[in-house]
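Heads up, this note's numbering is the position in the sequence shown plus 484, with the first residue counted as 1.
Just so you know, not all the hints are guaranteed correct.
Said to hold, decoys possible - Quick list of in silico lysine to any residue cross-link-like pairs, SDA-like style, CA-CA up to 20 Å:
1) Lys682 with Val668
2) Lys847 with Asp652
3) Lys1116 with Met909
4) Lys866 with Ala913
5) Lys1247 with Pro1073
6) Lys1116 with Asp1101
7) Lys847 with Ala724
8) Lys835 with Leu822
9) Lys726 with Glu777
10) Lys814 with Lys842
11) Lys1161 with Tyr1122
12) Lys944 with Met909
13) Lys845 with Tyr1122
14) Lys845 with Arg640
15) Lys944 with Asn1006
The set of hints was computed from the structure by calculation and includes no laboratory data.
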Amino acid sequence: MSFFSRSSNSGGQQGLPSQPYQRVPPPPQQRASAPRYDDPRAYEKQGYGRQAPSHQRVEGYTVVAAPNEQLAMTNAIITHPSDFQAGQHVFVKQQFPLTIRHDNTGKVLPGQIGAGGLQRQWIGLSVQGDVVTVEPLPYIPSYLQSIDISVDFMRRGHEIAEAFSADDMAKLFVRAFNGIIFSVGQLALFEFHGQNLKLQVTGLSIVDLPNAPSRGRSPDNVGVLMEKTDVNFLKAANSAIKIKSSAKKAPSNAIIAPNFKFEDMGIGGLDSEFSTIFRRAFASRVFPPGLVEKLGIQHVKGILLFGPPGTGKTLMARQIGKMLNAREPKIVNGPEILNKYVGASEENIRKLFADAEKEYKEKGDESGLHIIIFDELDAICKQRGSTNNGTGVGDSVVNQLLSKMDGVDQLNNILIIGMTNRLDMIDEALLRPGRLEVHMEISLPDEKGRLQILSIHTTKMRENSIMDHDVDLLELAQLTKNFSGAEINGLVKSATSFAFNRHIKVGTMAGVGDDIENLRVNRQDFMDALNEVTPAFGVAKEELEMVIQNGIIHYDHTIDEILRSGQLFVDQVRTSTRTPLVSLLLHGPPGSGKTALAATITRSSDYPFMKLVSPDDMVGFSEGQKVQSISKVFSDSYKSPLSVIVVDNIERLLDFTPIGPRFSNAVLQTLMVLLAKRPPKGRRLFIIATTSLRPILTDLGLSESFDSEIRVPPLSSLAALENVVNEVELIPKPSELQRTMQMLEQAGFGAQDDTGLNIGIKKLLSVIEMARQEPEAVGERLVTSLMGL
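Please work from the sequences and hints to get the whole structure.
Right, dumping it as structure tokens:
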């Protein structure tokens, strides 16, 4: 058999050349198909894919139909053996790369090329006498590492119940088209399980061979299929075909951005929370969809971040969007959903899910991830039936959101991230599995977390040597107990403001000093900032200092014993694993110092959370407002690892009056519940309550709520009175003090069987201060005042 190269001029009948053929040397080997090798270098050893000699360039081939369906299924160009070598890769119309297969039926003559219907559609060929150029590739084709192919039925509108396995299709595809060249956008015919399928190449990646020549390399959108090529089948848009995702290959649309680094997130103190969120919400999306399908589970669709303001909920949601290799998240503020027109609010919810629904219908489980972030979720998802505005808009918005997240036509390609400060206001139906099922509390950072946050906010200072060397971030982390991330940021800003203030010109608030290049933020700036910026969930310093502004006078050993017992309770709450909740009742006559002792015990505990619940702050409050205020203090205490609450003057909180008697049952029930409610896991609470009417607590059933009781007695001896007078330095002269004590004893206050001296320390101090106003006869004035009580 002779082999010919065709000249550039073509003509004659049936596509035969008018010029004589030129004989060229026959190829060393002819095969009906390219050899199969695991190593792509083996192809080149056999001569396949090499650049053909320039004298084999040919033009003017007449287009005919493929001789039979079997050859059409090869998705190759069918030629006469005399025109091209089998397995050779050629250019059709100088832009469409294809592989040569020989016609052994004799229907394709020299000077003709046979093409299947899909090939003709892709290239734009016609069997009505169309003549095209066919020439060897001008470059060495690379081999495919992976190829992405969309699949559809050849018959439009065709639908069957069978779901095709992507793994089985890939095996058959590699076996059928081994050695065939493919390019992005190419159409191909493929038969699987008796169904003719229409394929289109949507993407590919090539293998970079070492020591490959730099000249004549193929572009990145062309490659030759080999046995080790990864084939990924995707459902075509608007197709009814069903494809079982691969259980071996990771999804082609990996959700984690390849260049992502956790240290770049700028989030401190939330390492464990972020790990939990990743495990619950994203781990299943990293694995192949087929494997997830075998487990019979669906991806988590919703995360709810809740916690105090300023702890990083919005920042975390924003950074999750950056971490994921997904579409830009849709960030929605809750109130933006609401609209004054009927049905418009529900329409806004539907629009948020429209893109995800469209893509899921087209691609199924191969769809990309759509993220919707709801800030201030409680604005639109309140408990249904809790509002009385008469419009019912809030309820219908919740219903619309529920149906979109987990309705009849549920989606598996969405992730809803909701954020709220008020978890108790969210409708219960949103919190069940299948909806916002991952509930993550973003609480106040611990010491390690505060150190991370401080390090983040002072990075620029340290890099630019603007922070002084005496600033110890670990010390600041220890001093910022119960600070949220936002409050730590405010602390750093406050410290810089003190540093700026040092370099402002004297006598002006706008001029900058000449020594601005020496600007440094030092330790004293941070100490001043700590006095200026206080945590919302921290220590009620002003209230406690106001209560004990005169200090504690140790007039009797009983006072020392009460303080020592209080310290034991403080240590018990801090260290004991069995008693995370301890409640103590201090009772005694009015003015005996119960509140001051409770505040002193509280201050000495050094707990990060200290609050005073006092009726002084609730003057004019209704029952509901009192209940809400008391509940909020207890709720805030649960956010801190160690908390102490002083409930002062319980009978006044209860609005108790002996006429009737009358009291607030709502406040009573609230206190009974909160005093017995154990704090969440990992939280510890110490409650100190005071009362001047101990018997009524028994009548009200409240006394059983306390673990321990301590009586604070009044002053009842002259020795205690003398200790108080000495402590406040009322009578500095010893002789005058002795004469005053004798006068009190003569007045009957010193008799053992007399209870005349029965006075609270608060009232005694008031009497002493009044006597101090008459310095010439201070002793007589003291005796007279005590006798008048």
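20 Å Cα cutoff - pair Lys814, Lys842: holds, 16 Å
Is the straight-line distance between the alpha-carbon of Lys944 and that of Met909 20 Å or less? Violated, at about 40 Å.
Straight-line alpha-carbon gap Lys847 to Asp652, limit 20 Å: holds, 19 Å
Hint consistency between Lys1161 and Tyr1122 [alpha-carbon to alpha-carbon, up to 20 Å]: With a Cα-Cα distance of about 11 Å, the restraint between Lys1161 and Tyr1122 holds, given a limit of 20 Å.
Has the given pair, Lys682 with Val668, been kept, meaning a C-alpha gap of at most 20 Å? Roughly 15 Å between the alpha carbons, so the hint for Lys682 and Val668 holds.
Take a quick look at whether Lys866 and Ala913 sit within 20 Å of each other, Cα to Cα. Since the Cα atoms of Lys866 and Ala913 sit roughly 11 Å apart, the hinted pair holds (cutoff 20 Å).
Please verify whether Lys835 and Leu822 have alpha carbons no more than 20 Å apart. Holds, at roughly 13 Å.
Restraint status (C-alpha distance of Lys847 to Ala724 at most 20 Å): Within the cut-off at roughly 10 Å; holds.
Please verify whether Lys726 and Glu777 have alpha carbons no more than 20 Å apart. holds, 14 Å
Between Lys845 and Arg640, does the CA-CA distance stay at or below 20 Å? Status holds; Cα separation ~17 Å.
Lys1116 paired with Asp1101 [C-alpha distance capped at 20 Å]: holds, 14 Å
Would the pair Lys1116 and Met909 pass a check requiring their Cα atoms to be no farther apart than 20 Å? holds, 14 Å
Going through the hint list in order, the structure does not satisfy hints 12 and 13.
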